[in-house]
Amino acid sequence: MPAPDDWTPRSDAYFASPLAQGTPGKQCGLAATGDYQPSLRSPWLAAAATVDVKKVARELAKDDGVVFSEDYVYMCSDPGQTAVIDAIKDNDLNGMVISCCSPTLHEKTFRDASELGDLNAFQCEIANIREQCAWVHSDMEVATEKALKITRASVRRVQHNQALEPIGVPVTRRALVVGGGIAGIQAALDMTDAGLDVILVEKQATIGGNMLKLSETFPTLDCSQCILSPKMVSVSKNAKITLMTESEVESISGFVGNFKVKIKKKAEFVDPELCKLCDDCTPVCPVAVPNEYDVGLTNRRAIYIPFAQAIPASFTLDEEACLGLDPVVCGKCEEVCDVGAIDYDKKPTVTEEEVGAIIVATGFDLYGMEHMGEFGGGRYPDVLDGLQFERLCSASGATEGHIMRPSDHKVPKEIVFIQCSGSRDPENHCAYCSKICCMYTAKHATLYKHHVPDGQAYIFYIDIRSGGKGYEEFVQRSMENDGVIYLRGRVSRVYEKDGKLKVMGVDTLAGRNVEIDADMVVLAQAMEPSKGTAEIAKILKIGRDKDGFLAEAHPKLKPVESVTAGIYLAGAAQGPKDIPETVSQAGAAASKVIALLSKDQLAHSPTVAKVRDPYCTGCEMCVDACPYDAIALVDGKASVNEILCEGCGSCVGVCVRAAIDVKNVTQLQIHEMISAIMA
Amino acid sequence: MVNVEEIRGYAAGLLEKGEVKSVLGFRRGSASAFAEPCTLIEASDAASLVWDPTCLNNLALYLVKDRKQQAVSKTPDTRPVGIVAKGCDSRAIGVLLQENYFKREDVVVIGVSCEGTGVVDPRKLSAKLKGRTASRVTFDGADGINVSVYGDGTETVIPAREVLADRCLECRAATPTLNDVVFGETVEARGYNEPFHAAKEAEKVSEDERWANWEHHFDRCLRCFACRAVCPMCYCPECVVDSTTFVVTLGTSAEEKANRIRWCERSANTSESAVYHLTRAIHLAGRCIDCGECERVCPVNIPLRLLNTKLEKEAFEMFEYQAGHDIEQASLLSSFRDEDPNSFIR
Amino acid sequence: MSNPSKTTEVQTFEPRIVAFLCKWCSSAGSDLAGVSRIQYSANATPITIPCSGSVSPMYILSAFNKGADGVLISGCHPGDCHYMEGNYLARRKLYLVKELLQFIGLESERFRMSWVSAAEGVKFAEVVDEFVEDLRVLGPQNRLKAER
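Residue numbers (our numbering), protein chains in the order written: chain A, 117 to 795; chain B, 20 to 365; chain C, 605 to 752.
Here chain A stands alone, though its shape is the one from the complex (with noise of 0.2 Å):
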């Protein structure tokens, strides 16, 4: 259907229709409102049916119970707020339907209004006549008689609402923290500032996550350790933090205010509180596997300590690649070990903790090199990722701050930088940007010409996306004082030939291809959720966005509430994002707890499970049914622990005795709705 071009914005009609009820002495409000009248002029609104609200509102006024009913513009304004609490004033009501967009929207404003007027939040309720009908009808008519069957329904619902009072629920003033990155320390941190306890859960033998990897960090350059590690030590010294490492969430159970959370640790070989650090351990053991702090650039033992300032300090043995736990195999570390640190016997730990919050700062791992293929990526020892770059220019990492291939240990004086490898590509890899490639490969170039200054670096691009408090600045500085080249184009292809990494590339602007005999190429891989952010997700009941980051509530009014409440994220593991940003949701993420925790109760919603108990026979179909364990039998009848029923009504279907019924919801009001739909 073409949009009519004549078409004129009319006037969005509201209404609020009020209602006597049947029984006598029992009056009920109803109003509704909305804009159902096509008022703008594009063409797929065109196609957006309307609803005679005035005609919803004439017929509403002829049933029994209607009081009030009115239609009115924009009622969710301020003076349409007035009209409603004016309404319910002066008709005495005892209930009222508001007919307008979906309840995720106005509930609130209008159940606020209700008790500005002096009727229960409760027995206020939202029929959805926007989305739900005349944004996806076309025929007015028809349109018109659902709104009005949608509206009967809920007149007919509100009438048997009883008037209810949030639950107060006690709050437990601690918080956890899974993920010990620069987002869980920033916010664990910031908690305990506002007297809260802090349990920080770490799936590694340290705290300090990727960032402790890094040399640098841009723009300012200053040294990623120098900057993170005094934050790490306080976490150590701060006695409201409980630093539980190498351990992971196994279960939740609980609500906001009051979760209890089961914590998995790894079984502690060596004794945190007994380790020395004398460093016997290491020679003696025979076993070698990849460093993971330095990405596999250099081996470590299987009795270890991932890093010289690691928190907490002290060896750890990593279960998997050590021999001993086998004792006929060997047996070496313990045998050197003065202090008697090591034991061979020691079991996982599962603990379980109250928590009021949770923050989920999991963090990012990067997209793997092995999808890489083409660049040659976990192909060529000399074709590195960003962090095995960070970890060459950094004065801890293997080549103690000297840019050398791994392959041969020579200084590579030709360097390619690739950005946007498996970023910005929905075809093959992922279709978002993953935000820091930019900067960072810009940092890496400048770092490479501070450390080869005879070198030339080239960096293949897209777009350069620097925007930030001195970002560009630090671009341009990296094309103009360190003479770093920038091509735009992509690489579609790198192989190795005669010692030499052919990079073959095209340059758009210069509308040439581009070869390059390069000693070492960086990939500026994509950032993807870290592994295990499904397992955590899944764990605490919170979702994922299509790329499998944590999905905000809202994206733009909610970007640190999980969907679920009492649960925050931080950091990487809801998106791609640099330092800054990740410290500034940390704080944010904090806030909002120390918010939520500040308070001595929380309201928790009223429309709870209520057992009739005549009708009761005691059989804990309920109980086994119940998600939350919020039933008990007390006396041979089924109890709602009204603090733990959230409301879900599962205990409502399975009772075939119809003996439980959640408030306002309840099977004697589906019953009178479904007959207000079939009238």
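Keep in mind that a hint or two might mislead.
[To be verified] The list that follows gives simulated cross-link-like pairs (lysine-lysine, DSSO-like), each with its CA atoms no further than 27 Å apart:
id, chain 1, residue 1, chain 2, residue 2
1, A, Lys462, A, Lys353
2, A, Lys657, C, Lys749
3, A, Lys616, A, Lys647
4, C, Lys727, A, Lys654
5, A, Lys753, B, Lys84
6, A, Lys726, B, Lys223
7, B, Lys276, A, Lys753
8, A, Lys726, B, Lys87
9, A, Lys726, A, Lys618
10, A, Lys779, B, Lys276
11, B, Lys223, C, Lys749
12, A, Lys657, A, Lys672
13, C, Lys727, A, Lys672
14, A, Lys347, A, Lys380
15, A, Lys463, A, Lys654
16, B, Lys87, A, Lys462
17, A, Lys753, B, Lys223
18, A, Lys674, C, Lys749
These are computed hints drawn from the structure, not numbers from a lab.
With chain A's structure known, arrange chains B and C on it following the hints.
Chains B and C in isolation, oriented as in the chain A frame:
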């Protein structure tokens, strides 16, 4: 073969030692060859117990009645009750225990194996005798039923398969699994019909034929509620379909009186009767132990057992669930598995 | 999908559907259909419930008894239930309801269940449209409809 003297002796022993307040069993009926339920109080009464293929009733019903009596009694006698139980009856006790209706120590289960046979279907027997009345019906060896006929005194042996109740033909557990003692042998392979045979047959006809059949059945329903009255699982204080016979007790609040729901009307219309029977079927899902009592007592011969066995078939085949087999398990509808059927969902 | 105009020569049968939508996924999905202005049949009137697990079989029987031509139950995809397990309980229970209704010969197309997430506005519209199309073929539901 079960020796009835052993049952009598055991029952008498229980009563004599005062271990039970009563024993539920069967005695010779006064009107016909069919046994009738009885409650023994004295040990000397035990001699009247009988065991033959006419012990049709599911006596678990009387455990429910006892429990209801106790609930309203000012001086409840909480001693255990002994009960003679067939395989199906013991499963009923199992479901009642699973649902906490009473405790295991409240009941002494005198299990009796149906061995190779079971109980007769009075309608089948009557058809077989072509209008004549049986004076005595007994087991004849492993799989025969011996029938004496009134008047002429003739004795005929009828193959069990021809007169056994449908449920016995499909029975998978003819020996009480839940028991304190069992009389008779456990017979594994009984060689009659496959489990759920009748329900499977009923599934085979077309949708329209199925509806034609059920419409005919629901149309006949008198709403006498005999099916509900005889069912040990229909022990709810108030049935959800009882909108017009709403039970008002001292504990019934005004709000509850106002809030009763008329899910269906009591009038014996096809649609209302259909809703009643479907409600009863779904509320028995995972709870029906196939004693067949509902079907037996129906005055208009509605094959009610089919509705229940259809759902028990689905429970068994799709969810590996058998009612009354494990008193510790969560009920059928309050549990789930990840691999439950999903393909029917869009 | 627009509603057939009343001016068509033969009056098209307009089925009446009661749609029970869980608050967190399917109702949110249908809201998204609205926000996206996806047009679909107006035959299904929604009742928002907390969770598909809260659906009592009585709701379904009652809707048919009151004359519904079709009943739709829609919840979160397995694993996505806001209440963790409610949709699994629903799936088992409603499977049995479906089997029972088919067993007595109610046309099997009349009872439908779907998983619609909050992001599946398009799917919600498709589910409703397909259901309406199937019910148009079947005509009015008289088998369980009350005679009163």
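Hint by hint, work out which the structure violates, then give me just those numbers in ascending order. 2, 3, 6, 9, 16, 17, 18
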